[in-house]
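Asker: Here is what each chain is made of, one letter per residue.
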Amino acid sequence: SQQGEEDPQALSIQEGENATMNCSYKTSINNLQWYRQNSGRGLVHLILIRSNEREKHSGRLRVTLDTSKKSSSLLITASRAADTASYFCATHSGNTPLVFGKGTRLSVIA
Amino acid sequence: GAGVSQSPSNKVTEKGKDVELRCDPISGHTALYWYRQSLGQGLEFLIYFQGNSAPDKSGLPSDRFSAERTGGSVSTLTIQRTQQEDSAVYLCASSLEQRNTEAFFGQGTRLTVV
Chain A
1 SQQGEEDPQA LSIQEGENAT MNCSYKTSIN NLQWYRQNSG RGLVHLILIR
51 SNEREKHSGR LRVTLDTSKK SSSLLITASR AADTASYFCA THSGNTPLVF
101 GKGTRLSVIA
Chain B
1001 GAGVSQSPSN KVTEKGKDVE LRCDPISGHT ALYWYRQSLG QGLEFLIYFQ
1051 GNSAPDKSGL PSDRFSAERT GGSVSTLTIQ RTQQEDSAVY LCASSLEQRN
1101 TEAFFGQGTR LTVV
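As given, the protein sequences belong to chains A and B, one line each in that order. With the working numbering applied, the first sequence closes on residue 110, and no number is skipped along the way. With the working numbering applied, the second sequence closes on residue 1114, and no number is skipped along the way.
A hint or two may mislead.
Said to hold, decoys possible - Capping the alpha-carbon separation at 20 Å, the derived lysine to aspartate or glutamate pairs in EDC-like fashion look like this:
(1) A:K70 - A:E55
(2) A:K102 - B:E1044
(3) A:K56 - B:E1020
(4) A:K102 - B:E1102
(5) B:K1011 - B:E1102
(6) A:K70 - A:E15
(7) A:K26 - B:E1044
(8) A:K69 - A:D83
(9) B:K1017 - B:D1063
(10) A:K26 - A:E5
(11) A:K102 - B:E1085
(12) B:K1057 - B:E1020
(13) A:K70 - A:E5
(14) B:K1015 - B:D1063
(15) A:K70 - A:D83
Quick caveat, the hints were computed from the structure, so don't treat them as lab data.
Sequences are here, hints too, so could you generate the full structure?
Answerer: Shown next as structure tokens:
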């Protein structure tokens, strides 16, 4: 079953704008991860945030985690056409494997 | 190898035939996952191997699906008597351990059942 649910399902923005995607989940987690997928093939890991962390940065990426609301957000600043992809959140809970949401399709228009 | 390798990249098979999909994880990674992704959808968990522990098979959709991991390395996902609804991209991933580590994905096998 899918634990994370991303919102929105699709997002279209102009190059240079910021993109924000949200993820909600249902059970307690060890960590939450964000992945990017181009062209429906392999996923690339972007960032991992542990349950005791609230915010993490990596380059133009900023991830927040609110365990009280069971939600996370991924912010991509100063977006580029190359950021066009699908973005997935995934959670680790207890000894269960990574569980992925349905993803957000981001289109960045040049 | 440098990354997770999956073969074949594409597979077209006739309904009712059996197929085998292969995954070579990154050397030294003890955890290995199989997922399935239908067009435009999220990743559906199938099976998970961690070291010498019994695999977590809770995601396998039917008894036509099975997987093994030999010697803690290469894994094979087998689908018997394929059906059209089995058409999807099958993704394999590996990680150093289960908790608090990232997963590295292969490029997937696109399976088409005709």
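Asker: Quick check: which numbered hints come out false for this structure?
Answerer: Failing hints, ascending: 3, 5, 6, 8 and 15.
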